[in-house]
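K.L.:
Now for the letters of each chain:
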Amino acid sequence: MNLHEFQAKGLLRTYGVPVPDGGVASTASDALRVAKELKGEAWVLKVQVHAGGRGKAGGVKVVKSFSEVYDEATQMIGMKIVTKQTGPEGKIARRILVEQATDIKKEIYLSFLVDRDSEQCMIIASAEGGMEIEEVAKNNPTAVVKELINPVTGMGLFLGRKIAKGIGLDSSLLNKFADVAHKLYECFIDHDCMMLEINPLVVTGDGDILCLDAKMAVDENALYRHSKIEEMKDYGELEPQEVRASIFDLSYVSMDGNIGCMVNGAGLAMATMDIIKSFNGEPANFLDVGGGADVNKVREAFKIILTDPKVKVIFVNIFGGIVRCDLIAKGVLTASDEVPSDRHIVVRLDGTNVEEGRRILNEGAEKSGLNIVTCDTMADAAQKAVRLAAGEPLEEVKKSPTKSAARKGGAK
Amino acid sequence: MSILVNNRTKVLVQGLTGSQGKFHAQKMRDYGTNIVAGVVPGRGGSEVDGTPVFDTVEEAIRKTGANASIVYVPPAYAADAVMESVDANLDLCVCITEGIPVKDMIKVKRLMKTSISRTMLIGPNCPGVITPGECKLGIMPGEIHSPGTVGIISKSGTLTYEAVKQVSAYGFGQSTCIGIGGDPIIGLKYIDLLEMFKYDAQTECVVLIGEIGGQAEVKAGEWIKQNFNKPVVSFIAGQTAPKGKRMGHAGAIISGGDDTALAKMKALEKCGVHVVQSPADIGKKVAEVLKRG
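Chains as they are written, first to last, in this note's numbering: chain P, 14 to 425; chain A, 312 to 604.
Please keep in mind that the hints were generated in silico from the structure rather than gathered at the bench.
In this text the structure is predicted, and so the values were computed from the model without any measurement.
There are no misleading hints in this set.
Keeping only pairs whose Cα atoms sit at most 27 Å apart, straight-line, the calculated DSS-like set for lysine-lysine is:
{"no.": "1", "chain 1": "P", "residue 1": "K246", "chain 2": "A", "residue 2": "K556"}
{"no.": "2", "chain 1": "P", "residue 1": "K97", "chain 2": "A", "residue 2": "K554"}
{"no.": "3", "chain 1": "A", "residue 1": "K554", "chain 2": "P", "residue 2": "K325"}
What follows is a set of in silico ranges between Cβ atoms, one per label pair, in the way DEER data are often shown:
{"no.": "4", "chain 1": "P", "residue 1": "G143", "chain 2": "A", "residue 2": "F334", "range": "53 to 61 Å"}
{"no.": "5", "chain 1": "P", "residue 1": "E145", "chain 2": "A", "residue 2": "T367", "range": "47 to 55 Å"}
{"no.": "6", "chain 1": "A", "residue 1": "K595", "chain 2": "P", "residue 2": "E405", "range": "22 to 30 Å"}
{"no.": "7", "chain 1": "A", "residue 1": "A387", "chain 2": "P", "residue 2": "T320", "range": "32 to 40 Å"}
{"no.": "8", "chain 1": "P", "residue 1": "Y28", "chain 2": "A", "residue 2": "N345", "range": "49 to 57 Å"}
{"no.": "9", "chain 1": "P", "residue 1": "P154", "chain 2": "A", "residue 2": "G555", "range": "22 to 30 Å"}
{"no.": "10", "chain 1": "P", "residue 1": "M208", "chain 2": "A", "residue 2": "D391", "range": "20 to 28 Å"}
{"no.": "11", "chain 1": "A", "residue 1": "K418", "chain 2": "P", "residue 2": "T155", "range": "29 to 37 Å"}
{"no.": "12", "chain 1": "P", "residue 1": "D219", "chain 2": "A", "residue 2": "Q588", "range": "54 to 62 Å"}
{"no.": "13", "chain 1": "A", "residue 1": "T367", "chain 2": "P", "residue 2": "K178", "range": "43 to 51 Å"}
{"no.": "14", "chain 1": "P", "residue 1": "D307", "chain 2": "A", "residue 2": "G484", "range": "30 to 38 Å"}
{"no.": "15", "chain 1": "A", "residue 1": "G555", "chain 2": "P", "residue 2": "E244", "range": "21 to 29 Å"}
{"no.": "16", "chain 1": "A", "residue 1": "Q537", "chain 2": "P", "residue 2": "K178", "range": "30 to 38 Å"}
{"no.": "17", "chain 1": "A", "residue 1": "D391", "chain 2": "P", "residue 2": "E379", "range": "49 to 57 Å"}
Ideal placement from N, C-alpha and C gives every residue a C-beta, glycine not left out.
When you get a sec, could you build the whole thing from the sequences and use the hints?
P.N.:
So, in structure tokens, the structure goes:
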């Protein structure tokens, strides 16, 4: 779960990490009030959205008078921020952070993250602050300093001094830097963070260290022990479907295509999107109903897809292990009752209770006139979903229900 | 032969009295797995479907001779349960539980690295391990498997079932199938298992199923090139995944530039791995390389 900059800075402040004075505003008059309270001669206004590259997109402004604060804030609140990370549809900035401007002498990059290889936390620093670390690592790898943090000892001050030396900080700053790095790590580890990035961390004209930006991501699996963080979740950053999915604890990511996918298991869900793409179709979403799905959860998952206006065809791809196919079939039918739709539903069921699942689905489809196409393999199903989404009602597709009807007849 | 589990594996179930534990213990028994004990703190002395329950792993081992455990304990307590198995020096611990905080897993791995325990961990957040016809230590549907010569290692559960089904459809059974889990920090990794398959005479070919995020697949590829002489077929899920979004698994998120599916596929191909682009071609490719060999 990502935090907004102002939320992350609020947490850092409680650990004694130096951050600029500031406050968050959701209206221009709010912004003016904050600026007046802060005093000073210059302020920085920063839109609060979950996306990097805000500066380039016009989401960060330095202003030097109260009238400028008001005018720029009016412009920025409600503006659409389009960056590489948001995609072309962008994100609406509903809040801005108003901070005292800082006299910057030097910019540094600093981050903490969980390193999978060593299975411990890692601190990364570079003297080239303000730049994307991936680019620095590519163009000037020696400028990037990395150290592993022992989970038993934590971020020792010696390690902070070593990093400071490594990025060429002046000797007079070693202890200050080590102290800040230590506090940052404490905040990082106490809140079960996956990532904490300070870019830039600056040395001010007065020779102090200050965290100008803060990007924080918290381990979703650990939210149960951080209720305060969970309350910070900004549903405004999510698509409507994603909000519904989060209520029902479904793993859902919205995409741009028109084939809605309902799959069990994250790997199979990704593979389903891949196979759609390999037949030149476009998935509308990633949706994993999970291992322990019951009828209720399947129904909600299917409704999320049914209520997505971009979806033309629905592709259900289930390999029942723990999840039983009969239960999936029931969920699909109840959801279709609640949200009637004449869209084609391509279904591929396999694994636990597959015969029962197919029978329930076919009988239900006949009764309520659903456009269900059943397939035996994932490739066949993907191909048919792509054709139907392209508006090609092909011969084979029409034949399919007859085939399954015959099978059903045989079973009787 | 096979790896990790066989018909001599004696299993204790941590969390046997829970609904998941009870349900899957029965499925494992039905498959023929030798379930000898359950461990549920505070429930020692009771029984579940004829299996005795003990308070601690240590006691269960002493009284039943169990040598492997499977964990169905809720996420907040699962890391502790794994550590209990490690402390008791079992051969193998499989952790099914999904949703364990990464910080807890860092602690588990630190304990494993610094203790003298021999315990190997599979998972968490995984379907477990199966040696068809001998022992099912996990939640996978047993009936789709058949004994044979193909080893399967995968981060994903259902995608593993898909691979098993395809391989079987081409007439090949499996030696051992392992779901290693989709979390950022896990027990046994690709290379640990490839090393075991290398010395397993029954295994003629390995299917390696990966996904976006991390560098594990690339490292496995480099290791294969240097050390592995059996053919490897691979599929990497998430070719269409957007950057920065977590695709279900906690580990499946594209963070840097080179942990995309495409980068991994290219790296594996360079190492001589038979990479398939479509998940529907896994079985076909296995048949091809085995016939060629």
